[in-house]
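Going down the list, the sequences are from chains A and B.
The numbering of the first sequence is the working numbering, which starts it at 1 and goes up by one.
The numbering of the second sequence is the working numbering, which starts it at 1 and goes up by one.
Quick caveat, the hints were computed from the structure, so don't treat them as lab data.
Quick caveat, the model's predicted, so the values are computed rather than measured.
Relax, there's no trap hidden among the hints.
Distance ranges between label pairs, derived from CB positions:
1) B:Asp126 to A:Leu25: 34 to 40 Å
2) B:Gly82 to A:Val285: 48 to 54 Å
3) B:Gln102 to A:Thr303: 21 to 27 Å
4) A:Leu25 to B:Gly144: 41 to 47 Å
5) B:Ala71 to A:Tyr383: 33 to 39 Å
6) B:Asp233 to A:Val380: 50 to 56 Å
7) A:His400 to B:Gly144: 31 to 37 Å
8) A:Ile379 to B:Asp126: 23 to 29 Å
9) B:Asp227 to A:Arg399: 20 to 26 Å
10) B:Thr110 to A:Asn296: 23 to 29 Å
11) A:Val285 to B:Gly151: 41 to 47 Å
Part of the chain B face toward chain A, derived, beta carbon under 7 Å:
12) Asn61
13) Phe99
14) Leu118
For glycine and all other residues, C-beta sits at the position ideal for the given N, C-alpha and C.
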Amino acid sequence: MLGIALRLALREMRRNIMRSVLTMLGIIIGVAAVIVLVTLGSGATRQVTQQIANLGSNLLMVSVGKRMGPGQSSTAPAFKLADAEALAREVPALAAVAPQASSASTAIFANENWGTTVTGSTEQYFTVNNRQLAEGRIFTGSEARSGAAVCVIGETVRVKLFAGQSPLGAKMRLRKLSCEIVGLLKPKGQSTMGSDQDDIVIVPLRTFQRRIAGNDDVSLIQVSAKDDISTDAVKQELQRLLRIRRHLSADEDDNFNVMDMKEIATMLSGTTQMMTGLLGAVAAVSLLVGGIGIMNIMLVSVTERTREIGIRLAIGALENEILLQFLVEAVVLSSSGGLIGMVLALVSSSLLAAVLQVPLVFNLPVIAIAFVFSATVGIVFGYVPARKAARMDPIEALRHE
Amino acid sequence: MIATSANENPQPLLELQQVTKVYGSGEAAMPALRGVSFRIEPGEFVAVMGPSGSGKSTCMNILGCMDQPTAGRYCFQNVDVGLLSRNQRTLLRRHYLGFIFQGFNLLNRTSALENVELPLIYRGIDSDVRRAAYQALDTVGLKGWEHHTPGELSGGQQQRVAIARAIVTQPLLLLADEPTGNLDSKRSEEIMELLTTFNRDRGITIVMVTHEADMAAYAKRTVHFRDGLIESDQNQPGDSLC
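Go ahead and model the full structure; you've got the sequences and the hints to work with.
Rendered as structure tokens:
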């Protein structure tokens with residue numbers, strides 16, 4: 001009986017192809033929207049996780065101020081270079097320590113100028129952040145200690161100021177500082193946060209403090225733990241040491257924050273996941289609307305086919321068989337819509353993923369759920385019209401014009 | 001398989017006992033049948049006549065198990081139809097009854113063959129549905145027209161399809177509601193010839209409503225309705241058994 005109902009439903013759909021497609025449109029859009037949003041969302045999450053993994057899972061960031069929540073922090077005294085040196089000296093589990101201070105500044109060369117971010121740090125900056133040189137060299141330890149006027153620039157800065165030329169040896173001006181470019185970094189592209197990681201100028205920390213910032217503050221200390229040491233243990237050690245150095249009593253909260261990359265990854269992917277969920281929920285509403293569209297058309301169809309129903313009942317179709325016929329028709333409509341929506345979603349999310357440069361991650365359970373949901377919509381919204389058909393009085397139905 | 005006169009046969013095909021049917025209630029109550037009794041033996045060919053509003057359609061609906069009497073009993077093969085549920089009555093239609101309507105009532109945009117297959121499919125017969133349908137269409141003289149839809153067939157041909165659909169299940173009782181009402185006299189005669197053949201050769205009992213005495217003449221017995229009552233119930237003159 002089910003096979004016959006299925007065949008009848010397909011035939012009915014072919015007969016009213018235009019109407020069927022319009023009826024399915026709600027479901028098509030709903031399913032496609034859910035799948036596309038979730039696919040792109042998963043892609044974004046994957047991208048975040050990957051980029052953080054690229055940075056190195058043994059990286060920790062020590063920043064000033066207590067983290068209060070996303071984007072908020074309380075103010076607190078800055079670190080000094082001595083803090084970083086103390087960490088390097090007293091925590092043996094650390095492989096590298098890179099104290100940093102940075103500010104926005106305009107870089108000028110010849111007639112060109114470019115607004116960029118200047119970061120002062122030590123030579124360990126390059127180790128900790130896993131930055132390689134395209135050409136030239138990084139500044140030496142002695143240059144760093146003496147506060148020499150040298151800098152390493154990123155690809156974006158090179159393009160803006162030097163166009164096609166090699167920048168090595170050129171003197172670039174940063175505020176009052178005229179520094180010699182000794183190295184060019186390999187491009188790294190966009191960061192997780194969307195900032196350009198190649199739009200940077202790195203100078204020795206001491207040079208930055210004396211000649212650009214005019215103070216001896218350090219706003220961020222990046223450290224990397226040795227390979228076989230757990231970041232949790234390192235984190236606790238850093239916290240203990242910094243509390244002593246910052247003279248915090250037992251009842252005071254930390255006025256600094258140690259974050260490892262795992263935490264950052266969780267935080268960021270949590271955000272993208274929440275957005276994905278929200279957008280998916282909005283898209284799911286359109287599935288519901290699509291279901292109502294199906295109910296509407298099925299009710300019209302039942303009325304239109306009253307005579308057919310009368311004939312079937314007279315010939316010997318049981319109530320349940322009529323019910324099944326119309327229910328199957330609604331389910332065929334909705335699940336065909338689901339199927340088309342699925343294909344549409346796969347195609348459009350592939351295209352969108354390419355355009356947005358997000359990895360394509362098909363979330364199979366979500367695709368399956370969207371499809372099953374669309375079929376369920378057919379059952380739920382097809383039931384009322386189908387029951388109306390099944391309960392018809394054959395005599396009345398046969399008289400219907 | 002030959003019609004015998006009433007009361008001799010211990011088991012009639014069907015029997016109506018003081019059947020009344022009232023539509024509406026209270027002031028608006030309108031009696032359509034006011035105490036109708038008759039029995040039909042297997043193999044009979046009965047014409048039901050009467051002016052419109054005389055209750056013959058109501059009677060046909062009750063015979064077809066599509067409507068229930070308000071009072072009185074309708075027994076089909078000694079089963080009291082009044083005690084059956086809606087589904088049981090549907091099954092009774094499915095297995096024992098065939099219907100022919102004035103308006104043909106074929107499924108539009110569905111081939112003659114598929115129309116004829118329909119009752120077999122509901123019977124749950126899996127094998128040879130197609131062959132049986134071909135054969136039924138052949139017996140009504142529509143060989144070669146199997147794949148035409150009702151829209152592509154003439155009125156007479158459509159009624160033949162309807163007859164094929166009614167007899168393909170080999171029913172005990174064929175109920176025909178003005179089967180020639182929409183046809184010219186030539187086609188009407190052809191249809192009546194067909195019905196007579198099925199009655200004679202296959203012993204299918206036929207109850208047919210008609211307005212035309214010409215058509216009623218094909219039947220062996222004519223029942224006249226008037227105002228919800230049977231006015232007369234007689235065998236046709238010339239009935240060999242009379």
